[in-house]
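Colleague: Sequence:
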Amino acid sequence: KIIVFVNEKKNADSTGRMVERCGRRVVVLHGGKAQDQREESLNAFRRGGVVLVATDVAGRGVDGPGGSHVVNFYVPNRAIASYCP
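All you need for our numbering is the position in the sequence shown, starting with 1, plus 1113.
Be a bit skeptical, because a hint or two may be false.
Said to hold, decoys possible - Here are the simulated EDC-like pairs of lysine to aspartate or glutamate, each with C-alpha atoms no more than 16 angstroms apart in a straight line:
1. Lys1123 - Glu1153
2. Lys1146 - Asp1169
3. Lys1123 - Asp1169
4. Lys1146 - Glu1121
Stated by the list, open to error - Derived Cβ-Cβ restraints for the label pairs, each shown as a range:
5. Arg1130 - Gly1162: 24 to 30 angstroms
6. Ala1147 - Ser1181: 24 to 30 angstroms
7. Asp1149 - His1182: 23 to 29 angstroms
8. Glu1153 - Arg1130: 16 to 22 angstroms
9. Tyr1187 - Arg1160: 24 to 30 angstroms
10. Tyr1187 - Cys1135: 26 to 32 angstroms
11. Val1184 - Arg1159: 24 to 30 angstroms
12. Asp1149 - Tyr1187: 25 to 31 angstroms
13. Gln1148 - Ser1181: 14 to 20 angstroms
14. Arg1130 - Asn1185: 27 to 33 angstroms
15. Asn1156 - Ser1181: 15 to 21 angstroms
Derived from the structure by calculation, the hints contain no laboratory data.
Note that this is a predicted model, so its numbers are computed, not measured.
Glycine residues also receive a C-beta, built at the ideal position from the N, C-alpha and C atoms.
Build the full structure now, drawing on both the sequences and the hints.
Modeller: Right, dumping it as structure tokens:
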């Protein structure tokens, strides 16, 4: 089980699409989803076979057996070029 935490809900959606393009099944969890969608995402993660991409705040509600890999993936708000001299 893999959990990827991101810093904003828009980044959760885009990161989920990026992981899907790599051939993995993904569920996305963030506060912009309806309660039933969040519950279904958590249930799918618990069943296994999917990568869970969640905002760090939404991820606080993740319970049960932990993931085999937990990734903190924070997408910068500024262009990478602004970090380079």
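Colleague: Next, verify each hint and record whether it holds.
Modeller: Against the structure, the hints:
1. Lys1123 - Glu1153: Distance of about 19 angstroms is beyond 16 angstroms: violated.
2. Lys1146 - Asp1169: Roughly 14 angstroms separates the two Cα atoms, so the pair holds.
3. Lys1123 - Asp1169: The given pair, whose Cα atoms are some 13 angstroms apart, holds under the 16 angstroms limit.
4. Lys1146 - Glu1121: Cα-Cα ~13 angstroms, so holds.
5. Arg1130 - Gly1162: 24 to 30 angstroms: violated, 18 angstroms
6. Ala1147 - Ser1181: 24 to 30 angstroms: holds, 29 angstroms
7. Asp1149 - His1182: 23 to 29 angstroms: holds, 27 angstroms
8. Glu1153 - Arg1130: 16 to 22 angstroms: holds, 18 angstroms
9. Tyr1187 - Arg1160: 24 to 30 angstroms: holds, 28 angstroms
10. Tyr1187 - Cys1135: 26 to 32 angstroms: This hint is violated: roughly 19 angstroms between Cβ atoms.
11. Val1184 - Arg1159: 24 to 30 angstroms: Cβ of Val1184 to Cβ of Arg1159: about 19 angstroms, so the range 24 to 30 angstroms is violated.
12. Asp1149 - Tyr1187: 25 to 31 angstroms: At 28 angstroms between Cβs, range holds.
13. Gln1148 - Ser1181: 14 to 20 angstroms: violated, 27 angstroms
14. Arg1130 - Asn1185: 27 to 33 angstroms: violated, 19 angstroms
15. Asn1156 - Ser1181: 15 to 21 angstroms: Holds - the Cβ-Cβ distance for Asn1156 and Ser1181, about 19 angstroms, lies within 15 to 21 angstroms.
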